[in-house]
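> From first to last, the protein sequence lines stand for chains D and P. No gaps in the numbering here: position 86 of the first sequence is 86 in the UniProt record's numbering, and each next residue is one more. No gaps in the numbering here: position 91 of the second sequence is 91 in the UniProt record's numbering, and each next residue is one more.
Keep in mind the hints are simulated off the structure, nothing from the lab. Heads up, a few of these hints could be off.
Identical copies carry no separate label here, and so any pair may be met within one copy or between two of them.
List time: in silico EDC-like cross-link candidates among lysine to aspartate or glutamate, alpha-carbon distance up to 16 Å [unchecked claim]: (1) Lys181 to Asp123; (2) Lys119 to Glu30; (3) Lys181 to Glu125; (4) Lys39 to Glu100; (5) Lys192 to Asp159.
Protein chains: 2
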Amino acid sequence: MIDGREKKGNKTKEALLHATITLIAENGLEALSANSIAKKANVSKASVFHHFGSMETIQQEAFIYADVLMSEALEQIYQEAKETDSFADIMLKYFLFFIEEKNKDYLNLINVQMQFVVKSSYDTEFDDLIYGKDSEKTPFDFFEILVNDFYGDTLDANDLELVNDLLGAYINGFATFFISKADTEWLVLLWKENIKMIEIYIQSLIESNL
Amino acid sequence: MIDGREKKGNKTKEALLHATITLIAENGLEALSANSIAKKANVSKASVFHHFGSMETIQQEAFIYADVLMSEALEQIYQEAKETDSFADIMLKYFLFFIEEKNKDYLNLINVQMQFVVKSSYDTEFDDLIYGKDSEKTPFDFFEILVNDFYGDTLDANDLELVNDLLGAYINGFATFFISKADTEWLVLLWKENIKMIEIYIQSLIESNL
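Chain D extracted, bound-state conformation (with noise of 0.2 Å):
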């Protein structure tokens, strides 16, 4: 049972890791502090070091926060398309919600992901940090229970860990687009044409197998 005091924590805590969030996706990574995350979340210092212990601590748990904030977006969308829509359609769904104005913080986790991964590659005390403890659920785990619901009848296992992969590194690819400002037009444009080639593939695997 959550007491009145735990779920006040929990609460001050949430509100720290989204100001981390935002903080790390406005000024990155490396300006971030335990002085700045207390300020943008109006708590003492004292508050941010009692919640997490060390700024190690709060940079793993904004990296799992931001993987559950993007998987649950992600698994909402999924969840009122599913029925109705073909993989084409989600596969849109997905990336206009990035889009959207009102999904701006949605944005900033895309941004934030990809900090961790780029000071991962040089940094690997940093790389153990957050990558040694695994989320539960991650972000791609959601496209592959979309492309296992859509194709799992028709393609082997093989064939399907393929369609993912790919999947993950043209997300990647689009990400750094994201963060980059491009053109929103643009990259609906693209990214409708990258689902189009990845159908055209799907098939060509499909057929392959009959």
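Given the structure of chain D, go ahead and fit chain P onto it with the hints provided.
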């Protein structure tokens, strides 16, 4: 005419740019300093400022230099292969080049370019500094040449642009896998499959234009 002093100056400048790129790839953009560059290149700190004036200039020139080095590598691969190899073979050669242990410095270029993209996403001044000044040739230009040489006769301008833009997204996506030290064997397999997908897609574009 280049006199001895200027030649030596250019050589030192190149050494400084090489040192800068290595340092960024090894320790991240934020850790870069005139001191660390001087130490790495075995020159005085004064020499760093003599050649570049400011840290801004050295970052700017390092970015352009990374583009030049990358473009030269891609061009050489292309020149050696274009008479004999297929589109898919050349695409594969590009990829394998960056995986070879002896070309580790070129993998550093990918890392550096990714760091610049990410930092530009939240630092407007840095974005202006780096991307305000266009390089003469960017690595993406070489993919454009490749696509044009192989498909310029069969695809219209609109389709050629689409294919180029999609290639750009995939290259960025695979770049994030590259710098994440993903398993090389898996990466090569995935890239081959990616080329296959692009070829199937191009074929479908050609057929829809007939």
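> With reference to the structure, classify each hint as holding or not holding.
These are the hints, each one checked on the structure:
Taking the closest pair of Cα atoms, Lys181 and Asp123 come within 16 Å of each other only across two copies (12 Å); inside a single copy the shortest separation is 26 Å, beyond that limit. When the C-alpha separation of Lys119 and Glu30 is checked against a cutoff of 16 Å, the pair qualifies both within a copy, at 10 Å, and between copies, at 10 Å. Proximity of Lys181 and Glu125 under a CA criterion of 16 Å is satisfied inter-copy only: 14 Å between copies versus 30 Å inside one chain copy. In this assembly of identical chains, the alpha carbons of Lys39 and Glu100 never lie at most 16 Å apart, being 28 Å within a copy and 47 Å across copies at closest.
Taking identical chains as interchangeable, the C-alpha atoms of Lys192 and Asp159 lie at most 16 Å apart only when they sit on different chains, with a minimum of 14 Å there against 22 Å within one chain.
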